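Chemist: Sequence:
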Amino acid sequence: MMAMNAKQPFAMHAALQEPKFSSLHSSAEAMRRVCLPAPQLQGNIFGSFDESLLARAEALAAVDIVPHAKGHHHHHHHQPPPFKPDATYHAMSGVPCAAALPHPAALAAHPLPLPHPALDGGDLLEHLSPSLAVGGLAEPPALPAPPPPAAGPLAVGAGPPAAGVGPPGGPAPPPPAAPEAESDPRELEAFAERFKQRRVRLGVTQADVGAALAALKLPGVGSLSQSTICRFESLTLSHNNMTALRPVLQAWLEGAEAAHRDRAAGPELLAGAERKRKRTSIAAPEKRSLEAYFALQPRPSSEKIAAIAEKLDLKKNVVRVWFCNQRQKQKRMKYSAVH
DNA sequence: ATGCATGAGGG
DNA sequence: CCTCATGCATA
1 MMAMNAKQPF AMHAALQEPK FSSLHSSAEA MRRVCLPAPQ LQGNIFGSFD ESLLARAEAL
61 AAVDIVPHAK GHHHHHHHQP PPFKPDATYH AMSGVPCAAA LPHPAALAAH PLPLPHPALD
121 GGDLLEHLSP SLAVGGLAEP PALPAPPPPA AGPLAVGAGP PAAGVGPPGG PAPPPPAAPE
181 AESDPRELEA FAERFKQRRV RLGVTQADVG AALAALKLPG VGSLSQSTIC RFESLTLSHN
241 NMTALRPVLQ AWLEGAEAAH RDRAAGPELL AGAERKRKRT SIAAPEKRSL EAYFALQPRP
301 SSEKIAAIAE KLDLKKNVVR VWFCNQRQKQ KRMKYSAVH
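Note that UniProt numbering has the first sequence beginning at 1, numbered continuously upward.
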C-alpha cells in the first residue's frame, strides 16, 4: 500500500497585502528601505553603474574556466550545450534530516561585496541600460501613512470558510498569553525559542510538528511543513506570519506535552515522511550576477528580467522568481536587532 | 537551515 | 506582475 501524499494545502495565503501592520511591520519596512540605496540622482549615472556591475558580475561568472583562481570551487558548466541548462537537476537522496539534524555546517555569510563602479569594460547590457536608467529607477519613496486596520484578518487558516475563532461552546481555543498580544518582536522571539526547546524536549521533529498540526483539527489549520516550523523557530518568517502561527503552535505544544504525560492520545504526533523529487538549482556564477543586479535594482521590469535571463542563460520565470524570493528574504523578519 | 517554486489574492 | 504564506528538495 502506497501512501499517496494527499496533502491538503488549506489555503490561508496572503489575505491582505495591504498595510496591515501596526508598528512592528513598520520597522521591517523601514529596515528594508534603509537597505536600499537612495533612489535619487540616478538617471544616467545608474546606467553606468548597472553596466559595469553586471558586466563585472558576468565577467566573474565567465571566469569559471580559470585554472584555479581562489583555490576552491570548480564548476563545469557554461559549455555549449544545445539546450538551455539554466537549471541543474540533481538526484534525490531522501534525507531524513528532520529537525535534530546534526549538521556541522556553519553556514556561510553573504557579505555581498558590492563591487565599486570603478570597473568597466564590457557593455553586455547596453541594450538594457537605457531603459533601466530612466524607466526602471523610479522608486517612489513614498509611504502614505499606512492606515492601521486594527482588525486582525490574519486568517491563518481561515481561507475558504469562516473559521470563526471562538465558537460558543468551546471558546478560547488559542489561549494567547496576552489577550491583546502586542506581538512584540521580543515576545515572538522568546516564544519561538521556548517552543523549540520544549519541542526538542518532547523528542519531536519539526516535520512531526507540522504533520501533527492537522491532528489538532483546528479550524482552517491543516498541516505545515518542516520548513515552516523551522522558519518559525528561527524567526525567518514575516512578522504577520509569525503572529498567525504562534497560537497554533502553542496549541500543539500544549497538546503534545499533555499527550506526553498521558500516553494514550497522541499517536498522531509521530509521522513518517517520504519525499522524492528534484529541485532546480541556479549555478553560482549566475547567482552572483543576480545578486549584483539585485543590489542595484530589486525590482526590475519584465523586459529587464528577460534580458538578464537571456544573459545568464536562465529562464525568465526563474529569474523573476529569484527576484521575488530575494525581496521576501530581504524583507523577512529580522528585526531582532533594531526596534 | 535554505533555495527555488507554486498559488491565492489584489492591481 | 507583485506580495505573501508555504512547501519540496537540498546542502
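Just so you know, these hints were derived from the structure itself, not from any lab. Careful: at least some of the hints might be erroneous.
[As the list claims (entries may be wrong)] No farther apart than 30 Å at their CA atoms in a straight line, the calculated lysine-lysine pairs in the DSSO-like style are these:
hint, residue 1, residue 2
1, K329, K316
2, K311, K287
3, K217, K196
4, K287, K316
[As the list claims (entries may be wrong)] Label-pair ranges, simulated between beta-carbon atoms:
hint, residue 1, residue 2, range
5, V200, A306, 42 to 50 Å
6, Q330, S301, 15 to 23 Å
7, S227, A284, 18 to 26 Å
8, A284, P219, 40 to 48 Å
9, A284, A258, 57 to 65 Å
10, Q326, G203, 30 to 38 Å
Here the structure is a predicted model, which is why all the values come from computation and not from measurement. Cβ coordinates follow ideal geometry from the N, Cα and C atoms, glycine included.
Chemist: All the hints need checking, so say for each whether the structure fits it.
Modeler: Hints versus structure:
no., hint, verdict
1, K329 - K316, "20 Å, holds"
2, K311 - K287, "12 Å, holds"
3, K217 - K196, "22 Å, holds"
4, K287 - K316, "14 Å, holds"
5, V200 - A306: 42 to 50 Å, "46 Å, holds"
6, Q330 - S301: 15 to 23 Å, "19 Å, holds"
7, S227 - A284: 18 to 26 Å, "23 Å, holds"
8, A284 - P219: 40 to 48 Å, "45 Å, holds"
9, A284 - A258: 57 to 65 Å, "48 Å, violated"
10, Q326 - G203: 30 to 38 Å, "36 Å, holds"
Consistency with the previously given hints fails for number 9 only.
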